[in-house]
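S.K.: Each step along the sequence shown adds one to the number in this note's numbering, with nothing skipped, and position 168 is 168.
Calculated directly from the structure, the hints in this document are not laboratory data.
Among the hints, erroneous ones may be present.
Dumping the calculated DSS-like pairs for lysine-lysine here, alpha-carbon to alpha-carbon at most 25 Å [unchecked claim]: (1) Lys-168 / Lys-391; (2) Lys-280 / Lys-115; (3) Lys-107 / Lys-120; (4) Lys-139 / Lys-280; (5) Lys-280 / Lys-207; (6) Lys-87 / Lys-107; (7) Lys-386 / Lys-167; (8) Lys-249 / Lys-207.
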Amino acid sequence: MLRTELPQIVTDTLPGPKALAMIERRKAATPSAIRCVYPLVIQRGEGAMVEDVDGNKFLDWVGGVGVLNIGYSHPEVVAAVKEQADKFFHCMFNIGTHEGYVKLAEKLSAIAPVKGDRKKAFFANSGAEADENAVKLAKAYTGRQNIIVFSGAFHGRTLLTMSMTAKKSYAKGMGPFPDGIFRAQFPYYYRNPEGMPESAQMDYYLKSIYDVFEQCGAADSIAAIVVEPVQGEGGFIPVPIEWIREIRKICDQYGILLIADEVQSGFCRTGRMFASEYWKEAGCCPDILATAKSIAAGIPLSAIIAREEIMEAPAPGTIGGTFCGNALACAAALKTIEVMERDQLAARALGIGSQVMTCYQQMKEEFECVGDVRGLGAMVGIEFVKEKATKEPDAALTSAIIQECASKGLIVENAGTYGNVIRFLAPLVITDEQLQAGLHILREAIRTCSESLVCKGKTA
1 MLRTELPQIV TDTLPGPKAL AMIERRKAAT PSAIRCVYPL VIQRGEGAMV
51 EDVDGNKFLD WVGGVGVLNI GYSHPEVVAA VKEQADKFFH CMFNIGTHEG
101 YVKLAEKLSA IAPVKGDRKK AFFANSGAEA DENAVKLAKA YTGRQNIIVF
151 SGAFHGRTLL TMSMTAKKSY AKGMGPFPDG IFRAQFPYYY RNPEGMPESA
201 QMDYYLKSIY DVFEQCGAAD SIAAIVVEPV QGEGGFIPVP IEWIREIRKI
251 CDQYGILLIA DEVQSGFCRT GRMFASEYWK EAGCCPDILA TAKSIAAGIP
301 LSAIIAREEI MEAPAPGTIG GTFCGNALAC AAALKTIEVM ERDQLAARAL
351 GIGSQVMTCY QQMKEEFECV GDVRGLGAMV GIEFVKEKAT KEPDAALTSA
401 IIQECASKGL IVENAGTYGN VIRFLAPLVI TDEQLQAGLH ILREAIRTCS
451 ESLVCKGKTA
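Throw the hints in and build the complete structure from the sequences for me.
M.R.: As structure tokens, this is what we get:
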């Protein structure tokens with residue numbers, strides 16, 4: 001059974017002959033801007049494993065970039081989607097009510113850690129749409145036009161969300177962009193300004209919020225502050241709890257809404273159903289939660305949850321859309337959440353994360369090129385540098401490690417402002433044997449690539 005197997009490359013070259021032919025067809029038929037650096041052409045997937053068209057078996061530590069927390073082709077989700085498909089595929093929620101939408105909204109309102117006693121939810125199709133709708137809610141509720149986002153942030157590829165996103169390679173040639181989006185400094189402690197004592201770092205990052213108020217938009221013009229509980233594309237950097245407490249205080253003081261972008265961190269990935277549950281435990285719940293990716297095990301769906309008075313602020317017709325809350329997606333999401341709760345995948349994420357962090361810490365001691373390791377639950381990043389003393393990012397080494405891993409049957413992906421972080425997003429149904437096999441492949445890839453590309457940690 002594929003879901004319990006280990007990585008195995010059976011072709012003499014990667015990609016194999018059938019995969020190579022399909023990749024050539026891809027080049028001819030699709031735009032190169034949707035880039036792919038992997039030799040993988042998937043035939044089928046189960047659990048944390050995928051088999052390609054040539055019979056090669058890969059262990060997937062990317063999981064559709066956080067979409068497959070319950071793994072590929074979970075049989076119960078497949079059955080739920082088939083059952084719904086026998087009834088109807090779609091009914092636009094503006095035209096007809098269907099129970100799946102209502103039931104999923106009820107469930108998310110019950111479990112989402114947002115402020116307020118009475119909560120409501122509605123649905124969109126992607127993470128970017130969820131973030132954009134969260135901003136719509138904030139503007140409608142506050143009557144304000146501006147928002148604050150952060151260095152390292154990634155929120156999507158719509159015009160608004162690519163404007164909110166920090167890394168402008170995602171927005172090259174796409175301007176002009178909306179105004180009213182102001183950027184403060186995210187607390188990336190590993191890359192604090194040189195010489196900054198630890199005792200000064202909190203004031204430094206909080207000051208950047210007040211600098212926005214002073215230089216960009218007064219506090220009473222800010223509708224929302226948008227925060228990823230763990231920055232994804234930014235490099236897998238968890239929000240320090242002491243910092244988010246202060247952000248919550250600032251929001252409360254000035255009537256600003258706090259939006260948690262849980263597109264990637266939601267649905268058991270961090271050891272809680274939502275990463276902002278850690279915020280709730282610290283007494284600083286968000287006002288609005290936007291989430292997507294693993295909500296429906298691979299069927300496009302996203303959700304926005306907030307207290308009733310925020311949800312009732314938008315004018316009729318300003319939120320919603322044709323496919324939002326599609327019946328097949330709602331069926332998949334309801335079953336996905338049921339499986340996550342029943343099988344205690346949040347607890348499993350903590351166990352996986354503990355094993356990964358232990359191994360990564362050993363790698364940090366062993367290799368000069370490993371500068372930092374960090375994460376929350378099973379959302380873990382390992383950052384590569386040319387040498388520990390300078391912390392100079394080493395994107396070339398990172399790319400080489402990714403390719404070396406793929407050649408041995410492990411799929412990993414980079415992240416980070418400098419492209420020098422490898423992210424861990426393996427499905428939470430990964431077996432311990434598969435996890436250890438992947439960690440071994442990664443360790444050996446680091447060793448091989450650092451020996452061939454560097455001399456004592458310095459890129460040649």
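S.K.: Identify every previously stated hint that the structure contradicts and give their numbers, smallest first.
M.R.: Checked against the structure, no hint fails, so every one of them is satisfied.
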